[in-house]
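Use these hints to put chain B with the ligands onto chain A, whose structure you have.
Protein chains in written order, with numbering that gives the first Met the number 0: chain A, 0 to 470; chain B, 0 to 401.
By construction, these hints were calculated from the structure, which means they are not laboratory data.
Hints may be right or wrong, so weigh each one.
Stated by the list, open to error - Okay, derived cross-link-like pairs now, DSSO-like style, lysine-lysine, Cα gap no bigger than 27 Å in a straight line:
no., chain 1, residue 1, chain 2, residue 2
1, A, Lys261, A, Lys151
2, B, Lys194, B, Lys239
3, A, Lys151, A, Lys231
4, A, Lys12, B, Lys157
5, A, Lys12, B, Lys133
6, B, Lys133, B, Lys194
What the hints assert, rightly or not - The following label-pair restraints were derived from C-beta to C-beta distances:
no., chain 1, residue 1, chain 2, residue 2, range
7, B, His76, A, Val154, 52 to 62 Å
8, B, Pro187, A, Arg18, 31 to 41 Å
9, A, Trp4, B, Ser88, 19 to 29 Å
10, A, Met0, B, Val26, 34 to 44 Å
11, A, Asp41, B, Asp128, 53 to 63 Å
From the three backbone atoms N, C-alpha and C, an ideal C-beta is built for every residue, glycine too.
Residues per chain are reported as follows:
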Amino acid sequence: MQQTWAIISLTWKAALRFRLIWVLAVLLVLCVVGLPLIIKDDGTARGLTQILMTYTLSAITAILGLATIWLSCGTLARDVEECQMQMVATKPIHRWQIWLGKWLGIMGLNAALLALAGGTVYGMVLFRSSKLSEKQREILYREVLIGRASVKEAVRDLEPQVEEVFQKEAPQRLTADEMQDKKLIEGFKAQIREAYKAREQIIRPGYMREWKLNVPAAQGFATNHIVVLRVKFMSASGGSQSYPTIWEVGKPESPNQVRATKMLTTDTFHEFPIPANTFEKDGTLTVRLTNPSQNNVPLLAPLEEGLEVLYRESSFILNFVRGLAIIFCWFGLLAALGLTAASFMSFSMAAFACIGLLIVVMSGGILKEVIKDRTLFGRGGHEEAQTEVVWTKVKEGVDVVMIGVYGVLLGVIQAVEDYSPIESLSSGRSITWGQLAKAYGLMWLLFGGVCSTVGIITFTRRELATAQSKV
Amino acid sequence: MTAIETLNRGSGGQPSTETVISVRGLVKVFKDFWGRPKARAVDNVSFDVRRGEIFGLLGPNGSGKSTTIKMLLGLLHPTKGHIEVFGKSPRDVATKSRIGYLPEESYLYRYLNCHETLDFFGNLFQLPDGERQKRAEQLLEMVGLNQTRTRVVGEFSKGMQRRIGLAQALINDPDLVILDEPTAGLDPIGCREVKDLILALAQRGKTVILSSHLLADVEDLCDRVVIYYGGKIQADGTLKELLTERDSMRITTPPLSQETMQRVLEVIRKDVAEDKIHVDNPTQNLESYFLGVVQRARAAGETSGATSGHHVAAYLQSGGEGKSPSQADKMLERLAAPQAVATPTISNQTAPAAPAVDATKLAALTQSQPPLQSVPTSTTELKIDLSKANEKLSGMLGGDKK
Ligand SMILES: Nc1ncnc2c1ncn2[C@@H]1O[C@H](COP(=O)(O)OP(=O)(O)O)[C@@H](O)[C@H]1O
Ligand SMILES: [Mg+2]
Numbered sequence: 000m001q002q003t004w005a006i007i008s009l010t011w012k013a014a015l016r017f018r019l020i021w022v023l024a025v026l027l028v029l030c031v032v033g034l035p036l037i038i039k040d041d042g043t044a045r046g047l048t049q050i051l052m053t054y055t056l057s058a059i060t061a062i063l064g065l066a067t068i069w070l071s072c073g074t075l076a077r078d079v080e081e082c083q084m085q086m087v088a089t090k091p092i093h094r095w096q097i098w099l100g101k102w103l104g105i106m107g108l109n110a111a112l113l114a115l116a117g118g119t120v121y122g123m124v125l126f127r128s129s130k131l132s133e134k135q136r137e138i139l140y141r142e143v144l145i146g147r148a149s150v151k152e153a154v155r156d157l158e159p160q161v162e163e164v165f166q167k168e169a170p171q172r173l174t175a176d177e178m179q180d181k182k183l184i185e186g187f188k189a190q191i192r193e194a195y196k197a198r199e200q201i202i203r204p205g206y207m208r209e210w211k212l213n214v215p216a217a218q219g220f221a222t223n224h225i226v227v228l229r230v231k232f233m234s235a236s237g238g239s240q241s242y243p244t245i246w247e248v249g250k251p252e253s254p255n256q257v258r259a260t261k262m263l264t265t266d267t268f269h270e271f272p273i274p275a276n277t278f279e280k281d282g283t284l285t286v287r288l289t290n291p292s293q294n295n296v297p298l299l300a301p302l303e304e305g306l307e308v309l310y311r312e313s314s315f316i317l318n319f320v321r322g323l324a325i326i327f328c329w330f331g332l333l334a335a336l337g338l339t340a341a342s343f344m345s346f347s348m349a350a351f352a353c354i355g356l357l358i359v360v361m362s363g364g365i366l367k368e369v370i371k372d373r374t375l376f377g378r379g380g381h382e383e384a385q386t387e388v389v390w391t392k393v394k395e396g397v398d399v400v401m402i403g404v405y406g407v408l409l410g411v412i413q414a415v416e417d418y419s420p421i422e423s424l425s426s427g428r429s430i431t432w433g434q435l436a437k438a439y440g441l442m443w444l445l446f447g448g449v450c451s452t453v454g455i456i457t458f459t460r461r462e463l464a465t466a467q468s469k470v
Numbered sequence: 000m001t002a003i004e005t006l007n008r009g010s011g012g013q014p015s016t017e018t019v020i021s022v023r024g025l026v027k028v029f030k031d032f033w034g035r036p037k038a039r040a041v042d043n044v045s046f047d048v049r050r051g052e053i054f055g056l057l058g059p060n061g062s063g064k065s066t067t068i069k070m071l072l073g074l075l076h077p078t079k080g081h082i083e084v085f086g087k088s089p090r091d092v093a094t095k096s097r098i099g100y101l102p103e104e105s106y107l108y109r110y111l112n113c114h115e116t117l118d119f120f121g122n123l124f125q126l127p128d129g130e131r132q133k134r135a136e137q138l139l140e141m142v143g144l145n146q147t148r149t150r151v152v153g154e155f156s157k158g159m160q161r162r163i164g165l166a167q168a169l170i171n172d173p174d175l176v177i178l179d180e181p182t183a184g185l186d187p188i189g190c191r192e193v194k195d196l197i198l199a200l201a202q203r204g205k206t207v208i209l210s211s212h213l214l215a216d217v218e219d220l221c222d223r224v225v226i227y228y229g230g231k232i233q234a235d236g237t238l239k240e241l242l243t244e245r246d247s248m249r250i251t252t253p254p255l256s257q258e259t260m261q262r263v264l265e266v267i268r269k270d271v272a273e274d275k276i277h278v279d280n281p282t283q284n285l286e287s288y289f290l291g292v293v294q295r296a297r298a299a300g301e302t303s304g305a306t307s308g309h310h311v312a313a314y315l316q317s318g319g320e321g322k323s324p325s326q327a328d329k330m331l332e333r334l335a336a337p338q339a340v341a342t343p344t345i346s347n348q349t350a351p352a353a354p355a356v357d358a359t360k361l362a363a364l365t366q367s368q369p370p371l372q373s374v375p376t377s378t379t380e381l382k383i384d385l386s387k388a389n390e391k392l393s394g395m396l397g398g399d400k401k
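One chain only, chain A, in its complex shape (with noise of 0.2 Å):
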């Protein structure tokens, strides 16, 4: 412990002496305090947070990320490059212990800065709301001042509809050999699910969609929790317009139940505040959208986002510290990623791998496309020429490789998109304490665990002293 605790504070001492940290330090504050007053927000709740939260949250990650990366890759390898391994690594400290040091050294950093920056947004937020109209501040403190928990109606299941659709009809309509397409006939039933979905969908002129979720939690609500309605919708004639729609919300017939009518634009999300004694007492809450006769076209109601039930969960400040949580999550495995790189390549060399590699898995959006289709070069037609048939076995060898590649990234890709906690945080949702943990447990114990066990065995088996000085 006290040699890994050497090998932290002098991962400290190189920092602070190279004067990295103070650059990094006014680099981050800069940007908080910088960024708002380049940009002008509307003066509405949305606009401050799109700035204040979204714009300085994501480049304060990535400038701390990218620091990550630098001083994790420059840390090892400028220790091997200029020989200072070879004093320290003939002393009896294990090199795991070295590499261990290095890591928690790095993170000691990152929290600090981290916490400095976070502090920072969290002052910006607080100061600027100030200014705000009262209106607007009590959308803020609604929307996105709160660690907000979100309800949607449990997804119906369609598999016996689809199937029993597919029963009636499937003789009348396919022959016996196209009966045995397993192909074909999932197409065959896709399109029956598709129809399913979109009478689900679909509310009428004059008709109404019912919604029932379940939400437990709502028992011990006060009467002036704070719960909120997301909804969106979009109009079957397409294209951006306003509609007056009648929503009534809590137990029909119910004392409780209130009725408003709202004229709303399609395609975005609108949020309005709802009274907590609307639900009923096993925490049911019955939400009704009537599209009004005189509207004259059929609204649609998305089945994943038409309609959520937010509600208060926890602090803002308390949901901000577990955001942050993540974010160090994510520098954690950074960090780890770095010395791994380091542990086997010069300074550059790893530096550029690890920047690289981040940049691929931030653009993880194509790669994602590819794998869904599960080939880079697209399906072909099933008309190809004789000679085209080695072509086509090389591409398919290609492919099997690269999709097995991508797999792996695949998994970090989903989880950015799973744990990304600036989101989650500009829009007032809270980051569970569950969500925390499976964020550190999957990608500190399973990525970076793999990532840290490479590292180490190869630092551990590595020559320390083939790199002359280049005094």
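Just chain B with the ligands now, kept in the frame of chain A:
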């Protein structure tokens, strides 16, 4: 310390038979990125180092000394061959606590100051707080850097960095000290002090391995040497075995009267042909002369560079195995009182002035016949001709250029 004293010490039966390091058939081939052999740095080297001896790796630049040392420390892995250090693999972490290592160059953290540097390495050895502080103080005092403790090591001159490197190699009170060219970059006083320190360590029962291309270093210090050239061992053995010229001898006396001299020569001429007899005045070598001058100048005052070191750190003194306490204490006394260093060195260290043969032939070198013990008077000292030794080694190594 004179050559003769070194030899005597070496032959004094001090080194035990216990083997500290054993190297068998060691080969190191450096490969390039594609695994193609690039350089055969060490080629089939075998040797043993016994406890308590000062073992020298002598060889010109690039002959594979540092590569051998790095393999002893587990920094490089042998291509072939077997190494045992204290009976363990060189990669064993626990045995590292018994080893002190000074690399060929001062690979120090440039942003730490001397005190932090020693503190850092002390922590790696898991020394408790108080002990670490104490040793750091004493070591800085010993290597003469206690006045520059708050300056960062990056600003130091090469010699000053070397001193810190040496201090860090001793912070764990090691049983085995491995020094790669310990005197490189040091001023003559520093060299002398380092050499004396090495001798003091050996007196305390520590095993010392040092590499050097400087013949004088090796000659002054080592009990046994291996001589490297092109990665292979070209010669090995005790210095005495390697250097004694069995076919000549030399007698040194205070100035004799013309008459006595004539009589002595008379006797010698009976056995030896006139042209085989060589008479001259002994001269100091430059090292001892230089040291004398500096000692006198030191009274004059301060320097902004490294001061010369003083006391051997107390904890190093106490670790003695009590081989020959009286001699060891004498050594420490000398280190504690620097001005004492010069005197014995000047009076003892001699080298013949070039060819100028005094016509009166005041001294003579006889052929090997009379054994050492039979040198008649107590005022007559036997000297081994250092310049001859240098010539001989130089011959073997083909000079120490490159
Ligand atoms: N990391 C390395 N890569 C390639 N060649 C090396 C490396 N280290 C040393 N050598 C070569 O091995 C030989 C021995 O070097 P070294 O052991 O440093 O010599 P010295 O006796 O001066 O200490 C030299 O020819 C040197 O060029
Ligand atoms: Mg060398």
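List of violated hint numbers, smallest to largest: Per hint list: zero violations.
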